[in-house]
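Could you build all of it, start to finish, from the sequences and the hints given here?
The chain contents come next:
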Amino acid sequence: MWKTVYAWLDERIGFDSLYTNLLDRPEPKTTWWNTLGSASMFLFILQGLTGIFLTVYYTPSPDHAYDSITYIMEGVAFGWLIRGIHHWGATLMVLVVFIHMLRVFFTASFKFPRELTWLIGIGLFLATLGMGFTGYLLPWNQKAYWATTVGTQIAGTVPFLGEFILKALRGGPELSALTLQRFFAAHIWIIPAVLAALMGLHLYLVIKHGESHFPTKED
Amino acid sequence: MSGSNELSRRDFIKVTTGIVGGLIGAMIGLPSVYYLIDPALREGGKDAWIPIGKFDDMQVGVPYPFSFTRVQVNGWERTASSFGGYAVRKSDDELLILNSKCTHLSCTVNWSAEAGAFLCPCHDASFSIEGGVLHGPPPRDLDVYEEHRLTEDGIVEIFFKGA
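Residue numbers (this note's numbering), protein chains in the order written: chain A, 207 to 425; chain E, 379 to 541.
Calculated directly from the structure, the hints in this document are not laboratory data.
All residues carry an ideal CB built from backbone N, CA and C; glycine is no exception.
It is possible that part of the hints are untrue.
No more than 30 angstroms apart at the CA atoms, straight line, and that leaves these computed lysine-lysine pairs for DSBU-like [claimed, not checked]: (1) A:Lys235 <-> E:Lys468; (2) E:Lys468 <-> A:Lys414; (3) E:Lys539 <-> E:Lys468; (4) E:Lys468 <-> E:Lys392; (5) A:Lys235 <-> A:Lys373; (6) A:Lys209 <-> E:Lys392; (7) E:Lys539 <-> E:Lys432; (8) A:Lys317 <-> A:Lys209.
Here are some chain A residues the structure puts well away from chain E; computed CB gaps all over 12 angstroms [stated by the list, open to error]: (9) Asp216; (10) Thr237; (11) His270; (12) Asp273; (13) Ala283; (14) Val300; (15) Phe366; (16) Phe370.
Right, here's the structure in full:
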């Protein structure tokens, strides 16, 4: 019964070839260093899931942001666990993505024909940092408030465009409810959408080209 | 490996990954479900005696409207919920206290002296002065605050049951 259902679906969807292409594709001799991309993707999914769960209780308003997070930490069952995973997962994701980038750099895997994979990867790294920057403000505590004050002020030092960039980031000349709301929108909609799209392209290219060999002494 | 009873390296990895992954998934997944349904498992407000008005102000045959609010802490905020009803004095010492929440879909009914009935604005339902369904979709008569008492000062109090 199950076999017939599977065969019917496989004919129309093609699980088997998907499986072969995605998970059973030929690989050169690899090490644990080659697993960091997958680890990054896993962390992205984990952050996505715990983030979705956090929005069930979090409120992006200066009146309630801090209180709602206190409630998540102390009031809701296992709120501390969900937020803990999201908090530490964020740090870990920046770290893993960065080490992944270093690995690709030192094994020269960014060379032909993988230049585009590398460039998209830079976009992914920047988007990951953007997630960290926007997420940092959301607890709306002293550290978040002043880190964002400083961070947006730094962006404001860009010649000519600085003041505009600062106002665009803050939604006005000063940090306000608008800042919190737009950082929230960026954190849960805009940057994740960019990340997901770039990840799709990145993965497509990785699968198309396969993993690169580690360079030998002759290289 | 075919024909051999020994576990192949591949199968070992598959089984181990499955078990470890399943354990980690359950360790995070089960608390996540609890996290989501947590508010549904909490107790509602507290029971209380609520004063609704002076007994002498309630005239026979004229429903006496009353309302009160109960404040409850929900998450990070205190929420005030409104409740209301009508005290119907049937005779000198007989009192019927109706809940004005329509038994159909919880809209609030209002007494209409003109119609001589409680009318619900949502789905055109009407109830008699004693709370019986006269017309419309409600499945049962208006709810009654069964427990009520008269204080020494002549104030009527009803017993409000928290959720």
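Identify every previously stated hint that the structure contradicts and give their numbers, smallest first.
1, 2, 4, 5, 8, 11, 12 and 13
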